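Trainee: In the order they appear, the protein sequences are chains Z and S.
Quick note: the first sequence, position 347, residue 347 per the numbering used here, numbers continuous.
Quick note: the second sequence, position 49, residue 49 per the numbering used here, numbers continuous.
Fair warning: there could be bad hints in the mix.
[What the hints assert, rightly or not] When the alpha-carbon atoms are kept at most 20 Å apart in a straight line, the in silico EDC-like pairs for lysine to aspartate or glutamate are as follows: (1) Z:K89 x Z:D116; (2) S:K24 x S:D11; (3) Z:K453 x Z:D400; (4) Z:K50 x Z:D382; (5) Z:K440 x Z:D417; (6) Z:K99 x Z:D116; (7) Z:K335 x Z:D27; (8) Z:K440 x Z:D410; (9) S:K49 x Z:D382; (10) Z:K36 x S:D56; (11) Z:K304 x S:D42; (12) Z:K37 x Z:D321; (13) Z:K335 x S:D56; (14) S:K24 x Z:D321; (15) Z:K89 x Z:D236; (16) Z:K335 x S:D5; (17) Z:K161 x S:D11; (18) Z:K335 x S:E7; (19) Z:K172 x Z:D27; (20) Z:K37 x S:D56; (21) S:K49 x Z:D330; (22) Z:K335 x S:D18; (23) Z:K304 x S:E7; (24) Z:K304 x S:D18.
Think of the hints as simulated: they come from the structure by calculation, not from any bench.
Predicted, not measured: the structure shown is a model, and the values here were computed from it.
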Amino acid sequence: MRPHGRDALASLYFEYPIFDDHALPWDTGYSYYRGKKILEFQMPDSANEKFRPMYNLQQQYIEQFLYQCVEKNPFIEMRWRSELMQINKDTDTVHLDIKDPLRSYTIACDWVVAADGARSTTRRLCGHRLNGENYEGRYVIADVQMDHDFLTIRRALFDPKSRPGGTVLIHKQPHNIWRIDYQLGPEENAQDAIAETSVRQSVAAVLADIGYAGTWDLEWWSIYSANTLLLDDYRDGRIFFAGDSAHNVPIFGVRGLNNGIADGFNIGWKLAYFLTDKADIDILDSYTPERRGATLDVFANATKSTRFMTPPTQGWQVMRDAALSLALTDTRFGKLANPRQMTPYTYAQSPLTHKDDATFTAGPKSGAVFLDAPYADGYLCDALSGSYSLIYFGQTPPDDQDWCNVLKADPHSTLGDLYDAQNGTAYLIRPDLHIAGRWKHFDKTRFDASLAKAALR
Amino acid sequence: MNQTDLEQVYDSIAQAIDAVGPEKTEVFLAKLSLSLAADYDDLASVIAKINQASNDL
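Required output: the full structure, derived from the provided sequences and hints.
Mentor: Next up, the structure:
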């Protein structure tokens, strides 16, 4: 999980200790070619930020945290074992026919957010399809429990003894679980490859590669291939698609869960602002361009990584092998194996984003994700939650508004330096922690709800 | 050459290999090597690169 995803969870009121008891932070990767290290990379990190660049955490913990969050919220009701059977749409209502083990009934909904996964029933019933590309490379993904003494980093093994010509990825997960992804060769049959004996043999060979000779248990395994697929529109009237129901992204960009969380964060606050009369209905129109744009950005970066991890044609294969071979004696070529370190997508073109003030020489730009920094007794991310925030640098900030909290900040502080602030500078931060606008000299007389929407200026 | 340009070269050669097809790949790569070497003044460096490329195959 990447920091913006972590910030998103934090702002959804997760209790830090629960997360921190399990999640493993990391910032380093090693790449090997035929057993020799050809690249060490480090992700940018800073003591000014509360969270580390990456966290490894199994999906069931995220699900558990989400469930705990839902349970605490009196406005949310969880209905288990319910199946969506039919959707009927009219102008101002969506009728969902639901079947559970005891009954069948219809719910009339003002709005629907379909976060029902890669095989989304909502998507199928609405008659929409994901469009894009499937890549050839197939990976088996296996979780192994073992007392393996190694750093929490990302290891990529190219052409190892265990998978000649293939690629293996190894990540440490909480509680001594190691996630191993290994590529299948073109001649390997998928059905045979996911037979337990075959997975055990393959895992044993990978463990021999990394010099682990102890005992291990095979916990779970599955198979996948890289896809770049998405919907043409993430919205169908009163239905919004979020997460895998809207897009399938390759794993190599580490963006699957993070993008899903960002989708939910995005449509969540927009619906809340509209339903509480803090924004007009057209705020909802910004969902597709912002989140579909973010998906296309992931595709652009992930396509490069995917070409390196699973070369799709002879040309990419030959170049990949050449680069790896040269990397054994020349580090310039090892950098070609560097997974793309993507920053979260910038909503520069969104109707909710003000034109960036060009007089700034540092700090997060309009549309970008905010930058964490020390603030008060903790961090800025702790002070931002649930609504728009205006960070005002100076002694006389404007008053809070119903749509926006005001935070007073010192221009002569680490935060002030990182945000290139002086007396009278202000940053407007959206509930999902993107910068809506920033002004070197903020005009307090213009601090009203229209600021939340750049298009209305 | 900076990293971005090197990546551009990587992509262009990969696409060219696919465009010329498997039977002509060898000649294509030999032509490319020879013409790049022709722009190089230093024979010893070219020989060192030939040796480097021959290793670790």
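Trainee: Confirm or reject each hint.
Mentor: Hints and how they fare:
In summary, the hint linking K89 (chain Z) to D116 (chain Z) is supported, as the alpha carbons are separated by about 18 Å, within the 20 Å threshold. Our distance criterion of 20 Å between C-alpha atoms is met by K24 (chain S) and D11 (chain S), whose separation comes to about 18 Å. About 17 Å separates the Cα atoms of K453 (chain Z) and D400 (chain Z), which keeps this hinted pair within 20 Å; it holds. For the suggested pair K50 (chain Z) and D382 (chain Z), the alpha carbons sit about 9 Å apart, so the restraint of at most 20 Å is met.
Taken as a hint, the K440 (chain Z) and D417 (chain Z) pair is honoured in the structure, with Cα atoms around 13 Å apart against an allowance of 20 Å. Distance check on the hinted pair: K99 (chain Z) and D116 (chain Z) sit about 16 Å apart at the alpha-carbon level, within 20 Å; holds. Pair hint K335 (chain Z) plus D27 (chain Z) holds up; C-alpha atoms about 16 Å apart against a cutoff of 20 Å. For the suggested pair K440 (chain Z) and D410 (chain Z), the alpha carbons sit about 14 Å apart, so the restraint of at most 20 Å is met.
The straight-line distance between the Cα atoms of K49 (chain S) and D382 (chain Z) is roughly 54 Å, outside the 20 Å bound, and the hint therefore fails. Proximity of K36 (chain Z) to D56 (chain S) is assessed by CA-CA distance (about 11 Å); at most 20 Å being required, the pair is judged to hold. For the hint pairing K304 (chain Z) with D42 (chain S), the CA-to-CA distance comes to about 34 Å; that exceeds 20 Å, so the pair is violated. As the CA atoms of K37 (chain Z) and D321 (chain Z) are separated by approximately 15 Å, the hinted pair is consistent with the 20 Å bound.
For the given pair, K335 (chain Z) sits about 18 Å from D56 (chain S) by alpha-carbon distance, which is consistent with the 20 Å threshold. As the CA atoms of K24 (chain S) and D321 (chain Z) are separated by approximately 18 Å, the hinted pair is consistent with the 20 Å bound. For the suggested pair K89 (chain Z) and D236 (chain Z), the alpha carbons sit about 10 Å apart, so the restraint of at most 20 Å is met. Proximity of K335 (chain Z) to D5 (chain S) is assessed by CA-CA distance (about 12 Å); at most 20 Å being required, the pair is judged to hold.
A C-alpha spacing of about 27 Å is found between K161 (chain Z) and D11 (chain S), which places the hinted pair above 20 Å, so the restraint is violated. Distance check on the hinted pair: K335 (chain Z) and E7 (chain S) sit about 10 Å apart at the alpha-carbon level, within 20 Å; holds. With a C-alpha separation of about 12 Å, the suggested pairing of K172 (chain Z) with D27 (chain Z) holds against the 20 Å cut-off. In summary, the hint linking K37 (chain Z) to D56 (chain S) is supported, as the alpha carbons are separated by about 14 Å, within the 20 Å threshold.
For the given pair, K49 (chain S) sits about 11 Å from D330 (chain Z) by alpha-carbon distance, which is consistent with the 20 Å threshold. Proximity of K335 (chain Z) to D18 (chain S) is assessed by CA-CA distance (about 23 Å); at most 20 Å being required, the pair is judged violated. In summary, the hint linking K304 (chain Z) to E7 (chain S) is supported, as the alpha carbons are separated by about 10 Å, within the 20 Å threshold. Between K304 (chain Z) and D18 (chain S), the direct Cα distance comes to roughly 17 Å. Compliance with the 20 Å bound is thereby established for this hinted pair.
Going through the hint list in order, the structure does not satisfy hints 9, 11, 17 and 22.
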